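Asks: Chain by chain, the residues run as shown.
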Amino acid sequence: MMEAMNHITWREKIKGYKKDPFSALLLTLVVLSAIITVGVLISLIVYIIIKGVPNITPELFEWKYNTENVSMMPAIINTIIITALSLIFAVPIGIFSAIYLAEYAKKGNRLIPVVRLTTETLAGIPSIVFGLFGYLLFNIHFGWGYSMLGGALTLSIMILPLIMRTTEEALLSVSDAYREGSFGLGAGKLRTVFRIVLPSAVPGILSGVILAIGRIVGETAALLYPAGTATVVPSSVMQSGRTLAVHMYALLNEGFYIDQAYATAVVLLVLVIGINALSAFIAKKVGVKE
Amino acid sequence: MSKISISDLELHYSNFNALKNVNLEIPEKEITAYIGPSGCGKSTLLKSLNRMNDLIEGCKITGTVLLDGEDIYRGMDINLLRKRVGMVFQKPNPFPMTIYDNVAFGPRTHGVRSKVKLDEMVEKALRDAAIWDEVKDRLKKNALGMSGGQQQRLCIARALAVQPEVLLMDEPTSALDPISTSRIEDLALELKKEYTIVMVTHNMQQAARISDNTAFFLLGEVVEFDKTEELFSMPKDKRTEDYITGRFG
Amino acid sequence: MKEKAMQWVFLAAACISILAVALICFFLFANGVPAIQKIGIFQFLVGTKWKPSNELFGIFPMIVGSIYVTAGAIIIGVPMGILCATFLSHFCPGKLYKMIKPAIELLAGIPSIVYGFFGLVVLVPLMQNLFGGSGKGILTASVLLGVMILPTVIGVSEAAIRAVPDSYYEGALALGISHERSVFFTVLPAAKQGVFAGVILGIGRAIGETMAVIMVAGNQAILPTGLFSGVRTLTANIVMEMGYATDLHREALLGTAVVLFVFILIINLSFSFLKRRDI
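If you're matching them up, the sequences are chains A, B and C in order. With this note's numbering applied, the first sequence covers 964 to 1253. With this note's numbering applied, the second sequence covers 198 to 446. With this note's numbering applied, the third sequence covers 3 to 281.
Each hint should be verified, as a subset may be incorrect.
DEER-style ranges, computed between Cβ atoms [stated by the list, open to error]: (1) B/K337 - C/G96: 50 to 58 Å; (2) B/G255 - A/S1163: 25 to 33 Å; (3) C/M101 - B/G272: 50 to 58 Å; (4) B/E426 - A/M968: 30 to 38 Å; (5) C/G96 - B/E391: 35 to 43 Å; (6) A/G1106 - C/G228: 31 to 39 Å; (7) C/T227 - A/I971: 19 to 27 Å; (8) B/G272 - A/T991: 46 to 54 Å; (9) A/I971 - C/G228: 26 to 34 Å; (10) C/M101 - B/D316: 31 to 39 Å; (11) C/A14 - A/R1154: 15 to 23 Å.
Derived by calculation from the structure, the hints in this document are not laboratory data. Just so we're clear, the structure is a prediction, and the values are computed from it rather than from any experiment. Cβ coordinates follow ideal geometry from the N, Cα and C atoms, glycine included.
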């Protein structure tokens, strides 16, 4: 077969742009902005890793924090605890609400627009406002004081819209043929949802949950007031404890732990990159299945 | 004298051979119709004449297409080609702007700045597209508010405003009611005085009514190409006969 | 029986987001509004002096600060974001897209404290070298926030641009108009409502951002005088002083949060409204 002729050579393109400099300008602008955007990301990651990795020392990972070692280990453990606690509350509620919206609510249901509006509102509320709300409700009104539980509950409200949205999208993308097949066999609605629809939606839901983990790990402002900044792994969830991101804020606030802050930033970045990659990987699997 | 001459044209979409060894001469200032069952390659060939197929990933074309003797795939500026070879789509696709701006869009982008000149060009294009009387009082209204038939004639006016030599029409009436369809057909007959028209149609009667030449396509091949009268009254190929007498397609 | 019971459970779960918004509104307003009344709404909103030790609680400098910094972020982030979304939707080859898209999603996932730190150790010294002074201020905060809202603006704009029917682009191309002009003059205008919704969402992000902005803004509670002057935003005001504030001072900070919250509600509602109209 002959060489295809319907592609435009670089020379022809350049000739075209010479005749039409305005188009060349537009092209330059879009390419430049994409380069800058990606460039900022790369320079941020590279800078922090280059400056941070040499500062990662074994002391930073000792089990107990003191002003000598400035260990981030308790903060890492607290991050895991708070993440788990937040997910325990937010995931079932998020999935159940999404099931209601996607499977049960009928068209014209008056509740749906209200739920959508409030979910969108929740998604737009800044973390600092969540933080103050958590503080007022849990620390003051319930009298818990600084507590990991209060922090986790605050975060679970914060990530609720994310989980609801991704779950609903995943449920809606499950083909109706599955539902009809299940109903056709005489299965009830509940059984259909739990045995047929939900399992097919798991990868989509999972990728949303992982994104939510990413938000929890990176969150500072929403945790500062409800959970406080204690440097230990508390013996109970009713006591204060700082997560990794809060730890980093505290280090910067105290001002003389800049090296340790670099090291913490590296750990945070690696975590967040890993979490994002995992979520994208799972989301891609969903795409392949479809 | 032929305006466009196509020789040895082959077109592949990744592994699918959509056009096989097409050789056609398109006479100047006449209407040439492409007919055939859907998927036979007639629209694909039309889009090769203004290189709209270049947008499709994995599309490979070989052969030659000459416009007034110039090879449109080798050395011709693609935007200039599309200016000379205008196109009207299957579904009317006016831009979401005023009627005036739709028609003025081409000339403006090609550098016409003078308000007087633009007004003139818009009026001429709308008159040529036989829609001026209907829209002259609402040039500043959004084009999306027009009826389907009006939108299609507006799209013809939009194409005419950049002063093309050839007009490609891709099933221009398939989305329209019978009255709008006959208007477009009358318009095409009027336009062939100045323009060379190539029209893809799924409607054999339409081809018989208005075209001067007809090409019948089947599975990516030109089965028969002749004067319309000849092709419809005494087809030389059995398959053409089967198709025009309604035995398949 | 079980069917019915579970249906109620699902319904109850769906109502939790409504309950959460109601609770947030209630607790914030109940705790913040009394202070605003005590101080005097006029005094509070347009008072230019914030001196808690003298019982002076005017948050006007912070309101102005938030608006300036947000406006700066919009000026920097929105054109970049829209251009980048245009690149992704109409200029980016498929293979490159598979690399750039996750990168932009990652940009959204980087914690604000890390952005703030990067601003502090890279951007602030850079501004110091370029323009002198402390390096902290409106411009620095605007640049950092502009980068932080990029993923939001890009994501929403790209979706809006992709939702524009191809027929507009093809129609323009068929008139012999270049690829670039076709995209910019037919596709982008048709997507403007969706793009605008993205901009509003970006405004919400910028005005609510806290941890990054306090690292680079300087945080002086005075009316800013220029691009390089230090500035304190509403969010920074809360975080700076909440740790030690008591009595009326503490309540005034909650009042600050009420003002911020009202801003956010207005922005959110206009976003929801725009989005609905789009569909």
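Asks: Which numbered conditions among the earlier hints are violated in the structure presented, ordered from lowest to highest?
Replies: 1, 3, 6, 7, 8, 9, 10
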